[in-house]
Every structure is written in structure tokens, then in C-alpha cells.
Amino acid sequence: MTTTHLFEAEEKACWALMDELHDPEIPVLSLLDLGIVRAIEVLSPPNQDGKIKVTITATYTGCPAMDWIANAIRIELQTKGYRTVEIKTSIRPAWTTDWMSEKGKEKLKAYGIAPPEKRFQIPGDGIGCPQCGSNDTKLVSEFGSTACKALLQCNQCGEPFDYFKCH
Amino acid sequence: MRNPVIDYTLYLADSALILGQRNGDWCGHGPILEQDIAITNITLDLVGQARSFYQYAATLIGGDTTEDSLAYLRVEREFKNCLLAERPNGDWGQTILRQFLFSSFQRELYTVLTNHTDQILAAIAEKSLKEVNYHCRWSGEWVVRLGDGTEESHLKMKTALENLWPYTGELFKAADYEIAVGMDPSSLHTPWFNQVEKVLHEATLSFSSTEHVFMHTGGKQGAHSEQLGFLLTELQYMQRAYPGSNW
Chain Y
22 MTTTHLFEAE EKACWALMDE LHDPEIPVLS LLDLGIVRAI EVLSPPNQDG
72 KIKVTITATY TGCPAMDWIA NAIRIELQTK GYRTVEIKTS IRPAWTTDWM
122 SEKGKEKLKA YGIAPPEKRF QIPGDGIGCP QCGSNDTKLV SEFGSTACKA
172 LLQCNQCGEP FDYFKCH
Chain D
14 MRNPVIDYTL YLADSALILG QRNGDWCGHG PILEQDIAIT NITLDLVGQA
64 RSFYQYAATL IGGDTTEDSL AYLRVEREFK NCLLAERPNG DWGQTILRQF
114 LFSSFQRELY TVLTNHTDQI LAAIAEKSLK EVNYHCRWSG EWVVRLGDGT
164 EESHLKMKTA LENLWPYTGE LFKAADYEIA VGMDPSSLHT PWFNQVEKVL
214 HEATLSFSST EHVFMHTGGK QGAHSEQLGF LLTELQYMQR AYPGSNW
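Heads up: the protein sequence lines correspond to chains Y and D, in order.
Anchor point for the first sequence: position 7 equals 28 in our numbering, and the numbering is continuous, going up by one each time.
Anchor point for the second sequence: position 199 equals 212 in our numbering, and the numbering is continuous, going up by one each time.
Hints listed in this document are in silico derivations from the structure and should not be mistaken for laboratory results.
Incorrect hints may appear among the rest.
Claimed, not checked - Derived coverage of chain Y by chain D (criterion: at least 3 residues anywhere in the stretch with Cβ under 8 Å from a Cβ of chain D; other residues may be distant):
| # | segment |
| --- | --- |
| 1 | 80-93 |
| 2 | 155-164 |
Said to hold, decoys possible - Below are the DSS-like pairs computed for lysine-lysine, each with C-alpha atoms no more than 25 Å apart in a straight line:
| # | chain 1 | residue 1 | chain 2 | residue 2 |
| --- | --- | --- | --- | --- |
| 3 | Y | K33 | Y | K72 |
| 4 | Y | K101 | Y | K33 |
| 5 | D | K143 | Y | K159 |
| 6 | Y | K33 | Y | K128 |
| 7 | Y | K109 | Y | K33 |
| 8 | Y | K139 | Y | K126 |
| 9 | D | K143 | Y | K130 |
| 10 | Y | K159 | Y | K126 |
| 11 | Y | K109 | D | K143 |
| 12 | Y | K109 | Y | K72 |
| 13 | Y | K126 | D | K143 |
| 14 | Y | K33 | Y | K74 |
| 15 | Y | K139 | Y | K124 |
| 16 | D | K186 | D | K211 |
| 17 | Y | K139 | D | K143 |
Beta carbons are placed, not taken as given, at the ideal position from N, Cα and C, and that holds for glycine.
So here's chain Y without its partners, still in its complex pose (with noise of 0.2 Å):
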């Protein structure tokens, strides 16, 4: 696919609008934290015809959260001027943890909720606790509160909390 960015300009403030935007079920992270936000060309700006395409990635494939965040992205560029704006939802490459950036995870943990590990590929006991920082925690389930995250608790602190998983 060739795309031509002949309004950078324009597409930057774009990008910086979709830090903006929040994913419903974790609000804490930017649609930009969570790496779902694969392209954005804008094809034509505000003040000629007003057209935008975003291609956008989900997370699980099951995930409810993805048409809300179309609408989401939709709507916020409507009220800049884009009158035709196209979503497209890319499969391939599929998301992964590691598009999540070092900011989120940093929100993710004062959040309350243990950011994805590299050594925990797999959900397991001694994943940091998010409230108190203890390793010493036990996995509940791995699957929790969201098809993204695993639910641990802490036995220092006694907190139960979720965790990112990797993917």
C-alpha cells in the first residue's frame, strides 16, 4: 500500500487529537497508548473537502470496545472538519503489547493495574504488585476483569489486581 502524505501538518494534529481519545474499559489509556492507531492519511484537510481515512487494529478480536472507538474516533474528527471520514480495521500485522508505549504502561501501573512483562509471556505468580510493588503475588485467573488482562492477588499487601498480558 502506498499512501502520499501530502498534509503532514494536518495528520500530526490528528495523531495528537487520538492522545486525546480514551479506551472506554481502561480510561486511563490514550487510544495512542494502547498502539491501536496504525495510520492516518488525510486525503483532503478541513477547509477543502474534508477527508480523513484511520486504519485502526483491535487488540482481542472479540473485543466490544472497538466500534465504540470507531464512533469515538468518528465523531471527534467531525467536529474538526472532516466530513467524510472512512475507518478501516487492519488485521494483519496482528496487535501486540509491545506497540504499547512506555508512557501507558507507566499510567497502567499508577492506575492499578500491572503493565504487560516481557518475562511474563504467561501469567504467573511474582508479577509486580501495582499497589505496594511486592512479587510476592499469586495468580487468581488468567483471565480477568477484560479478555486483555489476568487477575492476581497480592500477599504482602492483600489486594487482589489484574495484569496486562502479554500478546
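Using the hints, position chain D against chain Y.
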């Protein structure tokens, strides 16, 4: 002749959707909260896979066909899901074993499909494989926990194995459309069997009762057990009763 990729894609979509619908019945009824959440998360993944495949099939069929019309407006004989997917939930043990047998098969299938020349099927397989690995591990651990558990849980798993095994043969018996798209599943049997045998062995479940059993077939060609009709009646109720309704 109809493009075999359509039938093959529908076979993959239907199998994922029907098992997803079955598992969905556990929502709010799981033995404990964490496992209720786990089985419903798996359901979400299966329905997600089904959506991707249906969307692709809809573009191949063209016209007014959509992912929704494929799921909600086809009749039993048009569904190509494997018979294993439509087996009733039974008890928790049977649900777990069905998931394990199915996910282990999906893992082998998607691994091969990832390299298929059809770029869209390959992309969906690659994406789904990441999730299927979770399903295999989780269900496999439960098969071991229950099989090698109490006398009662062992007995229930033994019964589940006897109930479900006759529906595993169909997975590896090629339908015409599988051959036509270059996806003969018979070569998947050995890696699947080795993996399943390892887990069943660890679960102290004996294979002796499953050798040389009669294998049911037909689901992939649209000849289903009576169970599918009841399932579809519930799944399709809203669109049948209120055609075109949306919210």
C-alpha cells in the same frame, strides 16, 4: 460452482460461533466467578473470530449479505460447523473437555492457515492464534485438575470423554471445500492427537474406551444433530421475530 473459499470460511466461522453460543450459556452460571469470567472471555474471542470470518465471507458472497445475515438468517442445513461445537454443555467437565478438544484442533489448524495463500484467512488465523493458545492452556489445565481430581470429578471427565470422542473424527475428515482450498485436515491429526494424549494422560484419563469408536460426521456438510435447531432458535430469535431490528 460456488467459490470453495466461501464454504471454507463459513465452516470456520460457524464452528467458532456455535461453540461461542454454547459457552455463552455459562454466563452467570459458572462454578466460581473466575471460571465464569474465563469461559465467557473465551466466548468473546470465539465470537470475535466468527465475526472476522463472516465479514470476509460476506465480501466474497456480495450483494446484501452481511456478517449479521450470515449468523442470523441462515437455516440449520446451511450451517457448516463441526458437530463437536454443537454438543450440549452437559456439566462443567464436559464443557471444559469440549473446549480443550476444539481449541487444540484450532491451534493446529490456525498454525497451518497462517501460511495460506489467501491473505485474509491467513491474517485472521494469525490474529486468532494468539488467543487460542490461551484457550488451550486454560482448558488443558482444567482437564488435568478434574481428571486427576476427586473420584467424582474423574468419573465425570471419563463420561465426558466417552460422550465427546465420537465427534472428534469429523475434524480430520476432509470436506470437499477443504480439499479445494488446499486445507486437507487429515495431516493435523497426529500433532493434535499427541497433544491431547499428553494432557489426557496427565489427567489419568484412559484412552482404552475411545479406541475404534464410530465417528459421527456430516456437520461440515450441513447435516446436524437435532441439538443445532434448538440452539439456532435461541440465537436467531430476535431477527426472526423482528426482522431487521437493531439497537
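Hint check:
Check result for the segment 80-93 of chain Y against chain D: holds, 5 residues qualifying (beta carbon to beta carbon below 8 Å, three or more required). Here's how the segment 155-164 of chain Y fares: 4 of its residues keep a CB closer than 8 Å to some CB of chain D, so the rule of at least three is met and the hint holds. As the CA atoms of K33(Y) and K72(Y) are separated by approximately 15 Å, the hinted pair is consistent with the 25 Å bound. For the suggested pair K101(Y) and K33(Y), the alpha carbons sit about 13 Å apart, so the restraint of at most 25 Å is met.
With a C-alpha separation of about 23 Å, the suggested pairing of K143(D) with K159(Y) holds against the 25 Å cut-off. The hinted pair formed by K33(Y) and K128(Y) meets the criterion: a straight-line CA distance of about 23 Å does not exceed 25 Å. Distance restraint check for K109(Y) and K33(Y): the Cα-Cα separation of roughly 19 Å lies within the 25 Å cut-off, and the hinted pair is therefore satisfied. This hinted pair checks out: K139(Y) and K126(Y) have alpha carbons roughly 12 Å apart, not beyond 25 Å.
As the CA atoms of K143(D) and K130(Y) are separated by approximately 24 Å, the hinted pair is consistent with the 25 Å bound. A C-alpha spacing of about 21 Å is found between K159(Y) and K126(Y), which places the hinted pair at or below 25 Å, so the restraint holds. For the hint pairing K109(Y) with K143(D), the CA-to-CA distance comes to about 22 Å; that is within 25 Å, so the pair holds. Only pairs whose Cα atoms come within 25 Å are accepted, and K109(Y) paired with K72(Y) is accepted, the gap being roughly 14 Å.
Between the alpha carbons of K126(Y) and K143(D) the distance comes to roughly 21 Å, so the proposed pair stays at or under 25 Å and holds. Annotation: proposed proximity of K33(Y) to K74(Y) holds, straight-line Cα distance about 14 Å (limit 25 Å). A distance of roughly 16 Å separates the Cα atoms of K139(Y) and K124(Y); the hinted pair therefore holds under the 25 Å criterion. Using a Cα cut-off of 25 Å, the hinted pair K186(D) and K211(D) holds, with the two alpha carbons roughly 22 Å apart.
At most 25 Å may separate the alpha-carbon atoms for a hinted pair to count; K139(Y) and K143(D) meet this at roughly 15 Å.
Checked against the numbered hints above, the structure violates none of them.
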